[in-house]
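**Q** These are the residues of each chain, in order.
2 protein chains.
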Amino acid sequence: MNKKYAIGIDLGGTNLRVALVTRDGEIIRKMKEPTSEKILDSIFRIAGSLFSDEIAGIGLGVAGLVDREGGRIVISPNLPAVEGINLVNEMREKFRVPVFIENDANAAALGEKWIGAGKEFSNLVLFTLGTGIGGGIIQDKKLLNVAAEIGHMTINTDGEKCFCGNYGCLESYASARAMLSKLVSALEKGRESILKELCGGNFYKLTAEDIYRAALGGDSLARETLREAGRYLGIGIANIINVMSPEAIILAGGLTGAWDIYIQEAIKEASKRAFKELFGAVEIIPSLLGEDAGIIGSAGLVFENDPFEVIF
Amino acid sequence: MNKKYAIGIDLGGTNLRVALVTRDGEIIRKMKEPTSEKILDSIFRIAGSLFSDEIAGIGLGVAGLVDREGGRIVISPNLPAVEGINLVNEMREKFRVPVFIENDANAAALGEKWIGAGKEFSNLVLFTLGTGIGGGIIQDKKLLNVAAEIGHMTINTDGEKCFCGNYGCLESYASARAMLSKLVSALEKGRESILKELCGGNFYKLTAEDIYRAALGGDSLARETLREAGRYLGIGIANIINVMSPEAIILAGGLTGAWDIYIQEAIKEASKRAFKELFGAVEIIPSLLGEDAGIIGSAGLVFENDPFEVIF
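Quick mapping for you: the protein sequence lines, in order, are chains F and C. When we follow my numbering, the leftmost residue of the first sequence carries the number 138, and every step to the right adds one. When we follow my numbering, the leftmost residue of the second sequence carries the number 138, and every step to the right adds one.
Some clues are possibly wrong.
Pairs count within a copy or across copies, as identical chains cannot be separated in the list.
Below are the DSS-like pairs computed for lysine-lysine, each with C-alpha atoms no more than 27 Å apart in a straight line [what the hints assert, rightly or not]:
| hint | residue 1 | residue 2 |
| --- | --- | --- |
| 1 | Lys413 | Lys298 |
| 2 | Lys326 | Lys298 |
| 3 | Lys256 | Lys278 |
| 4 | Lys333 | Lys413 |
| 5 | Lys319 | Lys409 |
| 6 | Lys256 | Lys405 |
| 7 | Lys409 | Lys333 |
| 8 | Lys231 | Lys169 |
| 9 | Lys141 | Lys169 |
| 10 | Lys256 | Lys279 |
| 11 | Lys279 | Lys167 |
| 12 | Lys333 | Lys169 |
| 13 | Lys231 | Lys405 |
| 14 | Lys141 | Lys256 |
| 15 | Lys326 | Lys279 |
| 16 | Lys169 | Lys140 |
Since the hints were made in silico from the structure, they are not lab data.
Excised from the complex, chain F in its bound form:
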């Protein structure tokens, strides 16, 4: 007998999201709280509150590098509390159901493929555009078992130092963190911008959303910042098009709110750089599931691996 639900857990850098998800990808209940040092307690408590006899399994999407077969979280720069921990084994012992783990962006890609923007495509690449830049690759309708750390492709040999240790990573130019750091440095140098008043002089309170709002208001520094980051994103997109030749590139994450400036600039740049024939064959589209892609995809890991059913 097929159990009805899976628990999907999305352990991103800043929030823990947990949901009860049906075999159709529908969310029945959803919970969210900020990540903290006690993240493990939170996971077990929330998962426990959603658990029942109708749970087919638990899927985990975790920001960082994960060892899928071993079940271990290898590195997670934004969640040191879970690094090195075998969350899969711990949850299996506690709940006695199948437990699966993935990188969070990979899980989001699976979610979009399952019931989101990628439903109609066999081959797609998802970019998560936020504080950092992540990715997930679907090939032949299946999630590729690869790191997909597309934010850490070098796009400038002797470029800026990235927090991963490398130089010139895409993430160092096109992420929200990169934009804010560039912007703050310009403001500190005395550059004029309505963002100065907006943050009451405390530049470090600024968010990527502030930049977009200022840009829409005509602020030239904000527009420049978004355009430049978008141009770099376009280079990352072109690289992925030339290597993976996907049918679709799905753009997800907070920064896609700035579609008209940041993403449009990225598409323009990618069109100049990728092989014409490959660029002509790819659709560059926004995520459909938004913040829910991770929890839905994590739950999808359970059903995808469930011998009773093929969902794709």
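Following the hints, position chain C against chain F.
**A** Below, chain C without anything else, positioned relative to chain F:
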């Protein structure tokens, strides 16, 4: 009844190679001639001379972008004579056997996976290092149906113009063509080197092999050229490690002859740039099949798609 052989055709940029290959990947007969304007006649003539009732099918590996399903060669910068041609249909009509087409580097990756350096790995990426830089990706023991144009990843945003139209492509820094162009420009500026005498003053006669020989002889310009190109290659390798997290990277093509300088430098650079955990899990090794990888892999396309047998 299983037919014994496949004809593998490798249509690289400079040579046409054709071979009769067994179901074990063994080459029974092999032919080679330089590519020319009359390349299509050559293909039909040589394939015809190898054809018999024991041929299960024909596999084609072609330098350039190919449309696998449609059978068409979309673009082939070094072989304009075959561009736009549906070689698959033409060969099917002529020989009445199954015919498959792939990019030549993809075919080489399949060859290495089948009976070469990649035999023991489920996930690998092949780099072909010659005049240009190509690639092929094996995932879960299968050839990925992707462009794998890894030579055309941007590694320098505002870098040198590549003949593909993009700027700062890996190929513009790490290929034999890039090395020679850099070297000739240094020689023309009067830089001292034993390569000057070696080519009798005609710099354009120099080959990548000359550079390596001069480097082994202690020539500092030659050593610098190889090291710098190797460093860039390392960036390309690191990008691929961070995105595809393969178990092995197989390096093929003429430039691998300069392993001790060019490749060693690449490995050093990749080790600094890729995620430590991913770099630690990848083996970077030379091709085992050398120039035969393409014809063997092209023949492998036939057996891989043969409903009577699973070879992998």
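**Q** Each hint: holds or not?
**A** Comparing the hints with the structure gives:
1. Lys413 with Lys298: For Lys413 and Lys298, the Cα distance is within 27 Å only across copies (16 Å; inside one copy 32 Å).
2. Lys326 with Lys298: within (21 Å within a copy, 34 Å between copies)
3. Lys256 with Lys278: Both ways: Lys256 and Lys278 sit 9 Å apart in one copy and 25 Å across, limit 27 Å.
4. Lys333 with Lys413: The answer is neither: 42 Å in one copy and 40 Å across copies each exceed 27 Å.
5. Lys319 with Lys409: both (25 Å within a copy, 25 Å between copies)
6. Lys256 with Lys405: within (25 Å within a copy, 41 Å between copies)
7. Lys409 with Lys333: neither (35 Å within a copy, 39 Å between copies)
8. Lys231 with Lys169: within (21 Å within a copy, 64 Å between copies)
9. Lys141 with Lys169: The answer is within: 22 Å in one copy meets 27 Å, while 61 Å across copies does not.
10. Lys256 with Lys279: Answer is both: 12 Å inside a copy and 23 Å across each meet the 27 Å cutoff.
11. Lys279 with Lys167: Close inside one copy (26 Å), not across copies (38 Å); limit 27 Å.
12. Lys333 with Lys169: neither (32 Å within a copy, 69 Å between copies)
13. Lys231 with Lys405: neither (50 Å within a copy, 44 Å between copies)
14. Lys141 with Lys256: within (22 Å within a copy, 42 Å between copies)
15. Lys326 with Lys279: neither (48 Å within a copy, 54 Å between copies)
16. Lys169 with Lys140: Result: close within a single copy only, 24 Å intra versus 61 Å inter.
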